[in-house]
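Residue numbers (the working numbering), protein chains in the order written: chain Y, 1 to 576; chain P, 1001 to 1321; chain V, 2001 to 2310.
Check the hints yourself; a few may be wrong.
To be verified - Covered stretches of chain Y, as calculated for chain V (at least 3 residues, CB under 8 Å):
{"#": "1", "region": "73 to 80"}
{"#": "2", "region": "158 to 166"}
{"#": "3", "region": "239 to 253"}
{"#": "4", "region": "340 to 354"}
{"#": "5", "region": "451 to 458"}
As the list claims (entries may be wrong) - Simulated crosslink set (PhoX-like; lysine-lysine; CA at most 20 Å straight-line):
{"#": "6", "chain 1": "V", "residue 1": "LYS2208", "chain 2": "Y", "residue 2": "LYS463"}
{"#": "7", "chain 1": "Y", "residue 1": "LYS451", "chain 2": "P", "residue 2": "LYS1178"}
{"#": "8", "chain 1": "V", "residue 1": "LYS2208", "chain 2": "V", "residue 2": "LYS2220"}
{"#": "9", "chain 1": "V", "residue 1": "LYS2125", "chain 2": "P", "residue 2": "LYS1052"}
{"#": "10", "chain 1": "Y", "residue 1": "LYS463", "chain 2": "V", "residue 2": "LYS2210"}
{"#": "11", "chain 1": "Y", "residue 1": "LYS341", "chain 2": "Y", "residue 2": "LYS256"}
{"#": "12", "chain 1": "V", "residue 1": "LYS2210", "chain 2": "V", "residue 2": "LYS2220"}
What the hints assert, rightly or not - Facing chain V, according to a computed beta carbon distance under 8 Å, are these residues of chain Y, among others:
{"#": "13", "residue": "LEU119"}
{"#": "14", "residue": "SER151"}
{"#": "15", "residue": "ALA188"}
{"#": "16", "residue": "THR199"}
{"#": "17", "residue": "PRO201"}
{"#": "18", "residue": "PRO203"}
{"#": "19", "residue": "THR221"}
{"#": "20", "residue": "ALA224"}
{"#": "21", "residue": "GLU226"}
{"#": "22", "residue": "VAL275"}
{"#": "23", "residue": "VAL276"}
{"#": "24", "residue": "ALA280"}
{"#": "25", "residue": "SER490"}
Rather than coming from a laboratory, the hints here were simulated on the basis of the structure.
Just so you know, even glycine gets a beta-carbon here, dropped at the ideal spot from N, CA and C.
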Amino acid sequence: MKKKSWMLLLTLVLVIGTVLAGCGSADEKTTTDTGTKTETGTTDEGTAAEPAADANLAADQTLRLNLSAEPPTLDPAQAQDSQANTALRFMYEGLATIGEDGQPKEGAAESWEVSEDGLTYTFKMRQGATWSNGDPVTANDFVYAWERALSPETVPAPVYAYQLYYIKGAEEFNTGKTKDFSSVGVKAVDENTLEVTLTNPTPYFLGLTSFYTYYPVHKATVEAGEAWATDPATMVTNGPFTLTTWTPGSELSWTKNDKYWDAANIKLTNVTATVVNSGATETASYQGGEIDYAGAPTGEIPTDQIQPLSEQLKDEFKLTDIASTYYYEFNTKEKPFNNAKIRKAFAMAIDRQSLIDNVTKAGQTPAYGFVPTSIAGLNNQSFRDEHPDSEYFKEDTAQAKTLLEEGMKEEGYTTLPPITLLYNTSENHQKLALAVADMWKNNLGVEIQTKNEEWSVFLESRKTGNFQVARAGWSADYNDPMTYMDMFVSGGGNNNTGYADKAYDALIDGAYKGGNDPEKRMQDMAAAEKLLIQDNMVIMPVYYYTQASLTKPYLKGVTTDFSGAINFTRAYLEEH
Amino acid sequence: MSNENKLNKQPLPALTAADFESVNVNERESEVIKRESLTAWRDTWERLRSNKVAMSGLVALVVIIIASIFGPWIAYWVHGYDYQTNDLMATNQKPSALHWFGTDDLGRDMFVRTWSGARISLIVGVAAALIDLLIGVIYGGIMGYFGGRVDTIMNKFSEILYAIPYLLVTILLLVVFKPSLGTIILALTITGWINMSWIVRGEIMKLKNREYVLASRSMGAGTGRLLFRHLLPNASGPIIVTLTLSVPNAIFAESFLSFLGLGVQAPISSLGSMVENALTGWMFYPWRMLFPAILISVIMLAFNLLGDGLRDALDPSLKNK
Amino acid sequence: MARYVTSKLLYTLLSLFILITATFFLMKAIPGDPFMSEKEVPASIRARLEAQYGLDKPLMTQYVNYLGNIVQGDLGISMKKLNQEVSHIIGQTFGVSLRLGLIAVVVSTIVGVALGLLAALYHRKFIDSMVMVLAVIGIAVPSFVLASLLQYALGLKLGWFPITGLKTPLGYVLPVMALSAGPIAYIARLTRSSMLEVLHADYIKTAKAKGLKWPAILWKHVIRNGILPVVTYVGPMTANVITGSVVVERIFGIGGIGKVFVESISNRDYTMIMGITLFYGIILMLARFITDIVYVLVDPRIKLTSGKEG
């Protein structure tokens, strides 16, 4: 009896949910059999607009989430992970925020002007925006926060300080070449006006100001004590919510900040986040009704559950393209991958679609380039649409075999040296590595060993070039192809492949400085990608990531940006 | 007690001369040993053999060992499957005539993988347990027997070793050694013996002041004889329990180490790692967990039954019962 | 006794010193450091971080500095959980693990001894076989499988208990079950085996013959003599369980010290690793010390201080 009425209720909820979701899901396309996925980086979550009527709202507006890891810090200058990103978004607001269309929109700044040469940005502070203790948010708060993030005196040294290097003189100040902060291009003209000067015209700078390293901090709070960012009692923030409790390793909770300038549009009154880092537990607790949202980016749905759950919970399951690329990188200094033909042969000898359909199972897009589909190119088109990666190379077993033979001849091999594919300990990486190795074995007739290493050991191996071919992944910091392409410049900190190419370096340098000619800039980066992949096959792209998530039908107004970062601040709960 | 009371109440019958009979014993004959003289091992084996439950455990183990040797071959002959070839068109399939135990997430035949996994798990489990036994018994025996300063120092050493973060040790091994069966057994036994040594120490401390030990010592028995003929056999109960338990511990610890990259490298797998891999999706693909898990339990059960029998057979105090 | 305790204490301090030393150099020997991530930290920032945490100094200097801090009772600041004192994190998370662990220890000892005793008293009868089958299952099903099964069946499907967290008393049920299943099985087997030995011992026959009542025999002779292996096991087990089970904490989303410890190792959070190792070492040695004392109390024939003369 009880069960029946419960089922009835659920059905009702599902029906209502589907109807409501219907309103805003115009641009959702059904792609693979594993559910629906949205084509653009930004997504609507049912009705993205205002709730139809307040009568629909549930009485208890408490959002329950899970974070798969505890944010190591809630200090915007020190943060460097996606959990902190989710948490800090509740508590802080940058000059701009990312709107539902994926474009920067006014946040703590009411308006801005960009100079003709694209180098100077003048932000007008929002009138009436205050900190949670009532102090007004001023231009000086931003200057203070950015100086703090850049200062060599800050302890510990903020790792993400380099996210501010676009600002003129910031790098010199951060590395200690200049001691004088006035040489850095940040200036509070008055309380309400912030002037920022950049080194190069940077088309994506406005988007960057919504990133946590650019958040303001409250000077008096920071100066009160080193541990200010760990204590909810003393923390003063400027976002829609304030941190109320933080139980280490178990739970964080936030309450609505009534002093927030847009408080009228914040429907949630409370947010709680448990800290559980087991995907299976997360989906169980979602199904058991303990949390309202499960899966990436806050948590994880185990690969084995993706397919069944996408069928069982069709209306709640969602796949979103995000700006991350999964690839294998070759050590171009090590035999046998010092030969480009052999590298190409390996890249062409796998069946990416089959790997996605049968192994990773989350509707990813096969990758033949490095820049993922959700990164913007010119005029808000996708860079990938403008420069299709299908031109770089095609999967072709016969041609791969020929290339392998040619490469072996060039190097004078009769048999290939033993090859080991290195990956870091994780079930998903292991599965993919085994499947790829099996394809290489079948299609090229080569023997492949797979080897896994503990995370730090793995990073060390990759950094020191102690590998032949290794798993890698890269996620975007900002919405521009540059976040990918500057990685493989000669001697770059993240370039573990040993690839060094003057032509490539020149193209990237040109794109850095050429912000005023967006068209040429994009062309340069596309040319660099062509060098990297079509000509040299330094890396072997596998797929562009998606993220799988489950959202309760009554939870609306959740938005995801191009990178997969999620925003719950405008969410609300419907009667359920 | 109640019986005695009853007896007391009955009047005793009168005795007659017929009730008495002269004892006519050839004193020489009474000294002759009628029972065949058995070595300790032979004796144990005889008694073990008569224990049906224990023997069924032994038979089960032998069957599993044979199956783990020939099982993969059978599947190879019948269907041509091996443990590592993927079939991405047939992932997560239910058990069928084609795949007797179903397939896993890469479409590999679970029957082959289960039996070849059992091979690895048995080797690792048994080897680790035996090494733990050897080191643990000697170390614990010495600690318990000598006591005093020897005990304190050896005890402290084992505690230090036990307290060093195991994960750090494992990562170091991972860096120093190539992944192999040998490395994994080393990693398992580096601290695995400590528990055994503590159990043995406790037992020896308890037993060493018993009358029969004192008697034996006063008759001039040396340390070795006291330890191996008197003390350890009497401590065999807890030792065997600990031993049979360290087999499954090793089997599961192995899966953890394999996952870290220390053990046998994928695609070779063990029962433990198969269970672990199946864990996140067992509600959807139960067979991927069920078969290896059942096999582990049966191995466990067999070891336990055998262990119990062995304990009964070894324990001098249970002789002739 | 006082002399015994003092000398034990000295040995323990010495052991802790060796433990710290060994762990420190082991930790430094393995690849990686606290500042590694998929995205490489720029060299200048990395250099500054290393200088701030004193990681740029020679290894011996780092070691001596660390020892100096320890002697002053300063465990330092976590390198990953920014601006948080190691001692504070230990305090916060250990409380959680301790509460959960102690419940599990009490439950598993009582249930385990009771089951083992039952099995021994009804040796080779139905109850005995039942207990042994249960024990085998308890041991053969590892805690990570049991925890997931319990969570799915009793938490999600039947909805009797919360799936995650310890917010309500009911929340303790599943984690305690997952934590104590193995120990119950182990203790039951140890108890059964050692009780069997005792039951067949001559002094029990004597006691019976003397006309002693059965409960008195059980308590005075059987349990007292048969409990020693259990004591040996429960000591270190307590130390193990209260310092947190990573698996159970992870699956049930419990903010205990076990999870923090494993995270600190994969993060190479040096100060955190050292702090928790030291803390864990103290608890272990304390537990073993108490075990030894309990030995004497349970079985007066055991003399801890004596050497060969006994």
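Hints breached by this structure: The structure breaks hints 4, 6, 10, 11, 13, 14, 15, 16, 17, 18, 19, 20 and 25; every other hint is satisfied.
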